[in-house]
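Chemist: Chain residues, written in single-letter form:
Protein chains: 2
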Amino acid sequence: MPSDKPKITELGEKKLIKRLLSRSQTPRVKNLFLNKIPIESLSDDAALIDIGENYLVLCSDMLMRSSHFPVEMSFRQIGQKVVAVNVSDLAAMGADAVGIIISMGLPKTMLVEEFDDLVEGILKACDKYGMALIGGDTNEAAELTLNGTCIGTVKKENVLMRSGALPGDVIAVTGDLGLAAAGFEILGCDCQDELNEESVKICLKHALEPEARLKEGIILSKNGNVSSATDISDGLLSELGEIIDANESTIGITVHENWFPIPSEVFEIAEITHKNPYDLALSYGEDFELLLTISPSEFESIKTKLKLKKIGFVDSTGTIKMIDKSGNTKVVTPKGYEHLN
Amino acid sequence: MPSDKPKITELGEKKLIKRLLSRSQTPRVKNLFLNKIPIESLSDDAALIDIGENYLVLCSDMLMRSSHFPVEMSFRQIGQKVVAVNVSDLAAMGADAVGIIISMGLPKTMLVEEFDDLVEGILKACDKYGMALIGGDTNEAAELTLNGTCIGTVKKENVLMRSGALPGDVIAVTGDLGLAAAGFEILGCDCQDELNEESVKICLKHALEPEARLKEGIILSKNGNVSSATDISDGLLSELGEIIDANESTIGITVHENWFPIPSEVFEIAEITHKNPYDLALSYGEDFELLLTISPSEFESIKTKLKLKKIGFVDSTGTIKMIDKSGNTKVVTPKGYEHLN
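Sequence lines, in order, name chains A and B. Numbering of the first sequence is given in the UniProt record's numbering, commencing with residue 1 and proceeding in unit increments. Numbering of the second sequence is given in the UniProt record's numbering, commencing with residue 1 and proceeding in unit increments.
In case anyone wonders, no lab produced these hints; they're calculated from the structure. It is possible that some hints are incorrect.
Since the list gives no way to pick out one identical chain from another, each pair is judged satisfied if it fits inside one copy or across any two copies.
As the list claims (entries may be wrong) - With a straight-line cut-off of 25 Å between C-alpha atoms, the simulated DSS-like cross-links for lysine-lysine are:
#1 Lys5 / Lys15
#2 Lys205 / Lys156
#3 Lys18 / Lys155
#4 Lys128 / Lys18
#5 Lys5 / Lys108
#6 Lys201 / Lys275
#7 Lys305 / Lys5
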C-alpha cells in the first residue's frame, strides 16, 4: 500500500541536513562551554572545537559506490577520492590537515587485493596532503561505503567561514569549472572516439582523481582578508546560494557569464554529448575548487599567486543575478539554472 | 568466472583493520609532531590527539541496517544505538563525551517522519550522555547506513588503554553478560509465547536500546588504578584476546566459568532457543559493558561503587584459560569458544 506521507526525497539533501542540525543547537551546544570545549559552526563545512590559540576542525563525509564512484574508478582512485573530498571541507575553512579516520562498509565479494589497492589510495592521498590515517573500522555492506572523518587545525583569527561576505567584494574561484563534470559525461557516453584524446585525458583526470585545494585554502586563510569561503563540491550556483544564506545581513551576488573559467574541453564535450556547457560548469559539482569573497584591492594583490579567477561581485540585492554575454541581466535560482537556457 | 583470489571475508574484520592501520603508522604519524598535534593510539578503540593537559579522543563507527539494526528496531532506537555504540568507544578510554557528527546514507523510500524519529533518537541519546550533535551530512544509499564520529576528552594521565594489564590483576566487567544476545535470539525465534514476559522485556531492552557505560568509564579513569580497559561490544572472549594482544609483555588470562555474571534470563532463553548460554554471554557481543584490569586491592575498594563483577585474573601464560564448574582448566581461543562444549 503506497503511503501519501512525505518522503525524504521531497526535501532533498540540503533541507535534510538543516532539519537534522537545526534541532541540535541550543541548549545542547551551550552546555559544552561547561566542558571548556566550546563547539561552534553547525552550519559550515565542518565543526570547530576551541583548543586555545587554534580551532580543531572536524568534518565527516560518506561516499557510496553507486553515487560517488563510477565503475571506471579504480580502488586506488576511490581511496584517493574519499580523502580528497574530506580534505576539501578542511580547505574550505583554511585549515591544515592533521589526520583522517576511515570507516568502511565492504561488500563480501571484495578481494583482498582490491582492499589493499583501496588502502594504498588512501595512504597516497594522506601523504599528498601531509596527514595521517589515524583510525578506521570495517563492516560488511551491500555496497562499498566509505566514511571519512577529517581533522585539521587553523588559527582562530584565520578560519574561513561561509558567512562574512561584504557588498563590493570580488567573488573568485581557485580554478577551472566543469572539467570533472565533462569527465563524468565522457564516462556516461559512447563517444570517446569522437573526442580529442588530450581533452578526454584532462577531463577524466578531474573526474577520477579530484584534488582538494588544501594549500590554496591555507594561503587564503593566512592572507587574513578573505571575507567568506566554501568549496564547490556541490556545484558553483548552489554554493553561491549558501554564501548568501549564511550571511547575517542581506547580500546578493552578480556573476558574469563571460568571466567563468570554463576551459575549451568543457565546450567540446558538451557539444558532443548534447549538454549545456554552463550546466556542466555551474551546477554539476565535483570540481573541488574553492569559492571565496575578498575586497577588490586584496584580490588584485593575491590573484596571481593563486591563479584566482574573478567571476563576479557581492551586492546587497538578496538575489543571484547573471549578466550574460549580450549584457542582459537574469535572476538565477541555484536549482533553477537549467531553466535559463 | 569465479576468481580464486582471496576475498576479504577470509580475513575477517579484526585482521582487515590491522591490515588497514599497520601500514599507516610511521613515518606518517611522526610527521604530525611537526604540526604540534601528536596523534597516538592507532590500535585502540579511538585515536588520541594531544591538546595540552588533555587528550581529545576521536572514534568512528559505521552501522548498517542489515547488520546492526533488526527490523524490530524503531527509527528512534536506531538513532539511540548509533550514538551509544560510538560513546561506548569513548567510555572504553575513560573519556567524557563532547559531541558527535552523524553521516547518514538514507534509502529513497524513507519517510520524513521516519527521518525525524531517527533524529529524535540521536538527540535523546546526546542528551543522556551530556553531549551535542555537532554536524552531519546525508546521502542516498541502498540501505540505511549511519556513521557516527564521536569526540571526547580525557586527562592525559587518566586515559584507559587496552595495553597495560599486569599479571596478578583482577579482570572485571561492569555488568551482566548475554542479555542483549538473548534479546536478539528472541527476535529471531518464533517462541515469545513460551517465554516469561518479564524476561522478554529485559532482554529486548538490552538488544534494542543498548547503553554505553560512559559514567562508569569516567569513574574508572579518575580512579587512576585501572591498568587496562576496553568495551565488549564485540564479545567478551574476543576482547580478552585484544587485551593480551595489546600488551607489550606476554600476559595471559584465566577466567572462571562460575564467576561470569550471566543472568537467569539468558539461561532461560538459551534453553528455549536451543543455544549455548555461554556462547550468548561470551562470544555474541552487543553488551556494551566495559572490561577492565585492576590490582586486587583496588578492585576491593571500587567494586561496590560500580557493581563490578570479577571474572578472573591476569597471568603471564600467554593464553586464555577457563576453569569450569568442575575445576577443570581448558585453553580457550576467542573464536574457538564454540568448540569447547
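Chemist: Could you run down the list of hints and mark each one as holding or not?
Modeler: Now for the hints, and whether the structure bears them out:
1. Taking identical chains as interchangeable, the C-alpha atoms of Lys5 and Lys15 lie at most 25 Å apart only when both belong to the same chain, with a minimum of 17 Å there against 44 Å between chains.
2. In this assembly of identical chains, Lys205 and Lys156 lie within 25 Å of each other by CA distance neither inside one copy nor across copies; the values are 35 Å within and 45 Å between.
3. Taking identical chains as interchangeable, the C-alpha atoms of Lys18 and Lys155 are never at most 25 Å apart, the minima being 27 Å within one chain and 34 Å between chains.
4. In the homo-oligomer, the alpha carbons of Lys128 and Lys18 lie at most 25 Å apart only across protomers (23 Å), although the nearest pairing inside one protomer, at 33 Å, exceeds that limit.
5. Taking the shortest Cα distances, Lys5 and Lys108 sit within 25 Å of each other only across copies (13 Å), while inside one copy they are farther apart (35 Å).
6. Taking the shortest alpha-carbon separations for Lys201 and Lys275, only the intra-copy value of 19 Å comes in at or below 25 Å, while the best inter-copy value is 59 Å.
7. Within a single copy, Lys305 and Lys5 get their C-alpha atoms no closer than 53 Å, and across copies no closer than 49 Å, so neither meets the 25 Å cut-off.
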